[in-house]
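Enquirer: Take each chain as given, in its own frame, and dock them per the hints.
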Amino acid sequence: MSEQAIDSGERPGVLARAQKNVLGTPLPRVEGPLKVTGRAPYAYEQAPAGVAYAAVVGAPAGAGRVTAIDDAAALAVPGVVAVLRDDPRMPVGEGNSRAMPARGTDRIFHHGQPVALVVAETQAAAREAAALVHVHVDRAAGRFDMDGEPAQRDHKLGFLPAIDVGDVDAALAAAPVVLDEHYATPVHFPAALEPHASTVWFDGDVLTVRTSNQVIGAARDTIAKAMGLPAERVRVLAPYVGGGFGGKTGVGPEVILAAIAAERLGRPVKVALPRRDTAYLVHHRSATVQHVRIGCDHDGVISAFEHTGTAAQNDDGGFLEPIPFGSLPLYGGANRRFRTDLVRLDLPATGAVRAPGEAIGTFAVECAMDELAERLGLDPIELRRRNEPDRDPTNGKPFSTRRLTDCYDEGARRFGWPDRVPKPGSVRDGEWLIGIGMAAALRGNFTVEASASVRLGADGRAMVSCDMTDIGTGTYTILAQTVAEVLGLDPSHVDVRLGDSDLPRSAGSGGSFGAGSAASAAVLACEDIVAELARRMNASPDELTLADGRASAGGRDASLVELLRGEAIDAIGKSSPGAQAKKTSQASHGAHFAEVAVNAVTGEVRVRRMLGVFDVGRVLNRATAANQLIGGMVWGVSYALGEAAVVDTRSGRFVNPDFGEYHVAVNADVPQIECHFIEEIDDAANQAGAKGVGELGISGAGAAVVNAIYNATGIRVRDVPVTLDTLLAGLPPV
Amino acid sequence: MKTFDYARADSVADAVAARGRFIAGGTNLIDLMKLQVETPEKLVDISRLDLNRIEERADGGLTIGALVPNSDLAADPRVIAKYEVLSRALLAGASGQLRNKATTGGNLLQRTRCYYFCDTAAGCNKRAPGSGCEAIGGFNRIHAILGTSDQCIATHPGDMPVAMRALDAVIVTQTPGGDKRRIAIGDFYRLPGDTPQVETVLEPGELITHVELPAPPAGRQLYRKVRDRASYAFALVSVAGVVTMEGGKIASAALAFGGLAPMPWRDAAVEAALVGQAPSDAVFAAAADALLAGAKGFGTNDFKIPLARRVLTACLKELTR
Numbered sequence: 005m006s007e008q009a010i011d012s013g014e015r016p017g018v019l020a021r022a023q024k025n026v027l028g029t030p031l032p033r034v035e036g037p038l039k040v041t042g043r044a045p046y047a048y049e050q051a052p053a054g055v056a057y058a059a060v061v062g063a064p065a066g067a068g069r070v071t072a073i074d075d076a077a078a079l080a081v082p083g084v085v086a087v088l089r090d091d092p093r094m095p096v097g098e099g100n101s102r103a104m105p106a107r108g109t110d111r112i113f114h115h116g117q118p119v120a121l122v123v124a125e126t127q128a129a130a131r132e133a134a135a136l137v138h139v140h141v142d143r144a145a146g147r148f149d150m151d152g153e154p155a156q157r158d159h160k161l162g163f164l165p166a167i168d169v170g171d172v173d174a175a176l177a178a179a180p181v182v183l184d185e186h187y188a189t190p191v192h193f194p195a196a197l198e199p200h201a202s203t204v205w206f207d208g209d210v211l212t213v214r215t216s217n218q219v220i221g222a223a224r225d226t227i228a229k230a231m232g233l234p235a236e237r238v239r240v241l242a243p244y245v246g247g248g249f250g251g252k253t254g255v256g257p258e259v260i261l262a263a264i265a266a267e268r269l270g271r272p273v274k275v276a277l278p279r280r281d282t283a284y285l286v287h288h289r290s291a292t293v294q295h296v297r298i299g300c301d302h303d304g305v306i307s308a309f310e311h312t313g314t315a316a317q318n319d320d321g322g323f324l325e326p327i328p329f330g331s332l333p334l335y336g337g338a339n340r341r342f343r344t345d346l347v348r349l350d351l352p353a354t355g356a357v358r359a360p361g362e363a364i365g366t367f368a369v370e371c372a373m374d375e376l377a378e379r380l381g382l383d384p385i386e387l388r389r390r391n392e393p394d395r396d397p398t399n400g401k402p403f404s405t406r407r408l409t410d411c412y413d414e415g416a417r418r419f420g421w422p423d424r425v426p427k428p429g430s431v432r433d434g435e436w437l438i439g440i441g442m443a444a445a446l447r448g449n450f451t452v453e454a455s456a457s458v459r460l461g462a463d464g465r466a467m468v469s470c471d472m473t474d475i476g477t478g479t480y481t482i483l484a485q486t487v488a489e490v491l492g493l494d495p496s497h498v499d500v501r502l503g504d505s506d507l508p509r510s511a512g513s514g515g516s517f518g519a520g521s522a523a524s525a526a527v528l529a530c531e532d533i534v535a536e537l538a539r540r541m542n543a544s545p546d547e548l549t550l551a552d553g554r555a556s557a558g559g560r561d562a563s564l565v566e567l568l569r570g571e572a573i574d575a576i577g578k579s580s581p582g583a584q585a586k587k588t589s590q591a592s593h594g595a596h597f598a599e600v601a602v603n604a605v606t607g608e609v610r611v612r613r614m615l616g617v618f619d620v621g622r623v624l625n626r627a628t629a630a631n632q633l634i635g636g637m638v639w640g641v642s643y644a645l646g647e648a649a650v651v652d653t654r655s656g657r658f659v660n661p662d663f664g665e666y667h668v669a670v671n672a673d674v675p676q677i678e679c680h681f682i683e684e685i686d687d688a689a690n691q692a693g694a695k696g697v698g699e700l701g702i703s704g705a706g707a708a709v710v711n712a713i714y715n716a717t718g719i720r721v722r723d724v725p726v727t728l729d730t731l732l733a734g735l736p737p738v
Numbered sequence: 173m174k175t176f177d178y179a180r181a182d183s184v185a186d187a188v189a190a191r192g193r194f195i196a197g198g199t200n201l202i203d204l205m206k207l208q209v210e211t212p213e214k215l216v217d218i219s220r221l222d223l224n225r226i227e228e229r230a231d232g233g234l235t236i237g238a239l240v241p242n243s244d245l246a247a248d249p250r251v252i253a254k255y256e257v258l259s260r261a262l263l264a265g266a267s268g269q270l271r272n273k274a275t276t277g278g279n280l281l282q283r284t285r286c287y288y289f290c291d292t293a294a295g296c297n298k299r300a301p302g303s304g305c306e307a308i309g310g311f312n313r314i315h316a317i318l319g320t321s322d323q324c325i326a327t328h329p330g331d332m333p334v335a336m337r338a339l340d341a342v343i344v345t346q347t348p349g350g351d352k353r354r355i356a357i358g359d360f361y362r363l364p365g366d367t368p369q370v371e372t373v374l375e376p377g378e379l380i381t382h383v384e385l386p387a388p389p390a391g392r393q394l395y396r397k398v399r400d401r402a403s404y405a406f407a408l409v410s411v412a413g414v415v416t417m418e419g420g421k422i423a424s425a426a427l428a429f430g431g432l433a434p435m436p437w438r439d440a441a442v443e444a445a446l447v448g449q450a451p452s453d454a455v456f457a458a459a460a461d462a463l464l465a466g467a468k469g470f471g472t473n474d475f476k477i478p479l480a481r482r483v484l485t486a487c488l489k490e491l492t493r
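If you read the protein sequences in the order shown, they are chains G and U. Take the first sequence: its letters are residues 5 to 738, numbered as in this note's numbering. Take the second sequence: its letters are residues 173 to 493, numbered as in this note's numbering.
Isolated chain U, as found in the complex (with noise of 0.2 Å):
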């Protein structure tokens, strides 16, 4: 671990006048400071600060601040009762100890878990920018096959923003002037395109205070995580789903997916093949082909398309029922 200076906010405005790196949880980024994977100068610690509450807002929704646990947020009775596909994908993500520590805003800024990102000796656009893509070429059994680059095929690791995703979340910033910004889930992620370092739209010292989630959505909700063992490990392949019926056919469905790109992936072409239809074989179909239209596989990561058709069908079955 590099030596780093250490500093305590008491306020949001002094976190983002510190100009540092934020640590809250530190579940993720201390361990990649101690591989030297991220060796920030200033830690700027923001765990003191008031964002650890969760409330219910007059349109029904829910603000979630960024310092709330992933375990008491998925153990939130008004998240179980009406968010259950939040609930479920936090309950799937890491191990318990974890879940206590880690925090809502900490959890939607986690880093890739690429071996080749995590081990300094390779050669990574993302971690050392220009040095290469081993994972292009190499051993890509965990990378992504929609939305990658010629310079990067990492995936984003987690679960619970896969189910913001497909809840419409916003998310809640300070900017280092003062300014407060509503980003929507959807534009918050970057594509790694020539810059695999720039993963969000956030600027340099812009602080996560809070997410909102619209409304309870109504309609049936699932979150399905398919992995190598049975606790602490990353998603091969997630599905975050939230979807309505009427009179036999599918009203509205929201679907996004862990596991396979970069960002929490949502597809509104996906939804189209969805919406309207009664549920049928042809229709799910329809719905991967729309998914998976632009699947790449690199090698080792092959078996995700066939996989996240299974999945994806298994998922569409079981909302549709």
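Looking at chain G on its own, in the form it has when it is part of the complex (with noise of 0.2 Å):
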């Protein structure tokens, strides 16, 4: 087993010394001819022997308290197996291997909160059956409003503490220029197209849980713990998952509800959410408010930099939104607040969403940068540029690598953004205002353990296992290439083998971190696999030189196969985060462009092109490093215009928990979109040296598209969506 923490920021020797050019380049994913053939089987899909199909039944009331359930109505219906409703182990809510949601108890938290699970011979059934239990409930006056709840400012809440540094309300009063404004954001749902689905049997005495999940070791104790039964007595699997977005980090109460009556009914059981329930059982972003105050020079030097803001929680979740995160190292200053207060609500718990902090908080501050070099009359590129610092202005550390003002002017560059008018609505295009905006991108990156098992089998094929998910970001893709580059093998020669919790412990896919743990996990497997290979050719292994199969060295050469003598050389690798965590400031920067165009009749927004230029470290896969941030660009044009979950805050319900109300962007709402690479590996993040990706994209995305629509209109909108009744009173008359 090669175990390595990363401390000393170099690059593993094979990687440094492969030239076979596999990584990086833009392979199609290796399971993708599986999935358009529908040949991929997902966690709905196959039933077991006799499986039985679950639905949740949820509280009727936002809050108070659960005073007695009559299912007689429900067991009458045909096909109806049992209903759930006393069990002990039964959750309210989501859990995690962290925490474990509250259970035993009648009190409701939210609206839709499981209180009982109907089974049935069919689906139909088992949910015709879940709306005629009938649940009396003693309603209490809930909290459903963040304006008018008190916040807490001290509170023991999520992983980042409040920040103060030197005197910013000294620094503030002292600044000739001072930029200060609230921004708002409103509730998210994490929308994977593939709505949350388990099936779920007793394989001999293994409680086995094939869901659509996306970190499956850590799911595995948190079902182990809910259901009081040794990890090693469960077994969760999720070769192929429909999309995450945040939502499928934790394990949802339905899971834990349909182990328990597979147990109990001793037959293997079937649960999906139907939509509209993902949005009360399943976790989803804090509406936030959010206030930036920034002090400078005239020439735009900033001397106090502010952001904080108020997001939600439920009095059972224990997360809360991390809204400052992604302002810490982003810009200069001497003296520096970030802080998030929370609000208690009676609705569904909040949990992370794409890019928790970053995503608004990026929104908020980088709106407020573009409107300080309005003020300034200076270019917002140049703004940014005055503001670079050259080590993390927050914690003094210096940068792993940081390549952001290199982003800026290759974004600048191929966008045409010198072309800009920078008077608002000066661009006409007939019935079109025409406007470009900018905006920066960073998300912080996290070293996590991970392990990976790789073997060389005796036919020269080697096999690369571990228990990451591929929520669509190319995992499977990315460590084929990873193990074909280091081992000298077409990456048609590895396969992978995922999503089985008995395979060696991943970081899962979270949080960006999944790539570069699990493909360091891998490298190092690699070494030792190479190690054993160079011993074979008594050879170092620095001599030993491995291309289309076979191993050269002093002249020496000889195929794989022949050097495996008939048995496979297994090996593991496992990667941790080690001492360049601690000394050094690491996170992926990168910097949109966009265009949009305003209807002046009618305010609605089309966004005509977008360009983002991204410093990740080593690009794994060019193709899938792109799909995650073109991804991540459309989520921002998404939450720019349309995302926004509404509360009716009179019954703490979701007034458009659907995709036909709840707006995400549609193919016709996506423009052109391009993006590009600034590479430069970083050997400090990890042994692979690539950075994150996945949350990168939507990072200061949206900021850039509400950006742009001040350009085109002169209308400032500091509350998402831009929806077109936020623009219509600002427009030219007709």
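Hints are computed from structural coordinates only; laboratory data are not their basis. Even glycine gets a Cβ: it sits at the ideal position worked out from N, Cα and C. You may find that some hints are simply not true.
Derived, one-sided and incomplete: chain G residues facing chain U with beta-carbon distance under 7 Å [as the list claims (entries may be wrong)]: (1) T126; (2) E132; (3) L136; (4) A649; (5) D652; (6) N660; (7) V670; (8) D673; (9) P675; (10) E678; (11) P736; (12) V738.
Expert: Put into structure tokens, the structure is as follows:
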């Protein structure tokens, strides 16, 4: 086993020497043919023999207590097997390996909180009967509106503590120019296309859960804890996941409920959440209100930078949106303050959704920088350049790699930024007002422990295995490329096994750390294999060249099959955080550019083109990395223009929990998008040299769109989404 | 979804005798059944009936079978050439997949997308008469500003029916008694009043078999739909317009509106303000005043009043150019 903490920041020898140039190439997804021909089985497909179907019954009130559950009418529906409502293990919310939701309580934390599970012979019967379970409640007044509820400063929630450096108030008082504005963002649903679904059965005494989940190692621990089983008696399978967006990082209550039902009934149970139920049983991103104060001199050099905000959580939840997380290292300024205040609400739990912190934090800060640039009469890029720090301005650490200004320059050149007309409302094309805008992107880089095993088979084919998931991100493909690169194989000679908790534990998909950590573990495993091959060639690993399934060293040459002598070589690699994470400030960076057209009659906004340039360390696969970044930019269009889950503050119910009225961008909303890279391998980030990609694309993307709307119209909207009604009053007469 | 019986009709006579809820494309009904907003005891599948042709009549008009899919109707060369407003309205609706399934008859009977109508936990007089209207006093961004009552403020969500209203279409039906009825589209829909659950003049079991379009109108036609995203969104405001000009003056005007009312909306006063007038900002303003004289916002839909005025003005400029 090759175990290595990321201490030295040196590139592993096998990667430094590898010259196959397989890594980084836009290799098409290796599992693509399975998916487009319908042969990649998702969690709800394939029914084990004797399967029953479950439907969750939710609390019909937003606050109060459950006093009784009357299931007589439900049990009378033909095909109903059981109504589960009194098992002490029944959870009321989503769990993760660190925190379990409340159970054994009659308290209602939010509307739709699970209170019972109906199991029937068919899905239709289960759902029909679930609607007939009569839940009696003692209603209480609920807290459903962030406005008017007290914000707590002194709380223990979230991973990001309040930061106060220098004297922000004094610096603001002394600054000749001060920007002081409030911004707001609404509730965002994760909105994965594949709704949450699980098939649960006992394989002997092993509880087996095929589920749609991003982080199955942790899911296994959570399920074991919830069920009172040792972890080795739980197996979680998630070979294919139809999108996660943060909403599948924990274990939903329906999974535990189905597991309890499978155990008690002695038969497999399937459960899938109808779209509307995902609003209540899956966490969402909290609405936020944010306050940005920036003080600078007349040249735009910042002396004070403050980014604070308020986010919500219910009384059972432990997460808090880290609103200013992306702002910490972004711009200079000696006096700095960052904080997220907490409001407790009686709504479904808030949690990690698409770049928690950065996605909505950069909206506020990047719009604020646009406003400040205009006030100073400076180009927005020039303002950013003047405040580009040479080390992390909040913690003083050197950056591992930071190519942000290169992203500005390359993006400005490619996009045609110099042609921008700074005066808003200046460019018109028929009925349309045209504008362009830009914003910086930043996503903190996390290093997380991950293991992977690699087998070089006697036939010369390799297999890499770990419990990572591929949530549409390209994990299968980049792991095949990593192993092919190091072992000198064609990627088609590398098999990849993922999505099984019996395989070596990875970091899972979340926080943009999956690809870098899993690829690093695979590289370290390959180091052992290369060392063994070198030994068999009587050479040192540095002397060994692996290419086209052959090994050569010092004039000698042999095929891998000969060297393997009929036996496979197995190795396990493990990468873990080390000194580099403490010594350096690590982040991925980028610059977004957007051109919008705003209809002068109606205020309808259509994005015409977008372009992003990104610094993500080593690019493992140009196609799958671009795919993620472009996807993030589409989410930027979505939250800038459409996404808003509306809470009816009278009832605590969501008004629009479906894809008809919760407006994500559709194809017709998505313009031509270009994605380019400034590639500098970051050896401090991890052994693979790859920084996070997945969440970078959304960071700043919405701000670029909103800044472009301002340039087009002269209307500054600080409360997304920018729907047409927010622009109407400021448009020219028809 | 609640369990239901299913029968397939082989003829129009069979269908009306079957005494069930008709289903053709099912693009709206099945969604609502999954939500248990609709809980029919019996579905009568009419999708195999011989009602899928578009035929030209001697008077130059078209008779459209109730089962003609939206995509076929939009792509019919006669519709494109002579009823452009209808083709454009159809293509502005839903998505390509839905238009392939959705039928002409079914589209006339689309239910509202009111958030509270779709949420069985909410009070809704249309879904559950007497349970109240949570849209009033709630979030009502997509709701009506014209033709509402204190019982219901939901909008009709369609595009196609708005164009048909401007074209003075006639809806042909067969009653369970075997009678054929011809109903002008202007008489087809009912305002909510005290019975928002009753949306049309159709009797129980009455089947739409055809839609007749009168001979093609002269003049300029347009359909303009304003919506929150570029596709797959319902109209916040839409305008179907047919205008003829003579000697620099507006000789005739037919204007119907979507997104504003519980039915495709048409107001004779709007047209009266235009006919005989030379186009001018003042004339357009008078037409908008006529349209919006009785408009009432409910909070989050207040913006529809100025939006409707702006869109109508822009459409009239285009139609009288």
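Enquirer: So, for every hint listed, does it hold in this structure?
Expert: Status of the hints after comparison with the structure:
no. : hint : result
1   : T126 : violated, 9 Å
2   : E132 : holds, 5 Å
3   : L136 : violated, 10 Å
4   : A649 : violated, 11 Å
5   : D652 : holds, 6 Å
6   : N660 : holds, 6 Å
7   : V670 : holds, 5 Å
8   : D673 : holds, 5 Å
9   : P675 : violated, 10 Å
10  : E678 : violated, 20 Å
11  : P736 : violated, 10 Å
12  : V738 : holds, 4 Å
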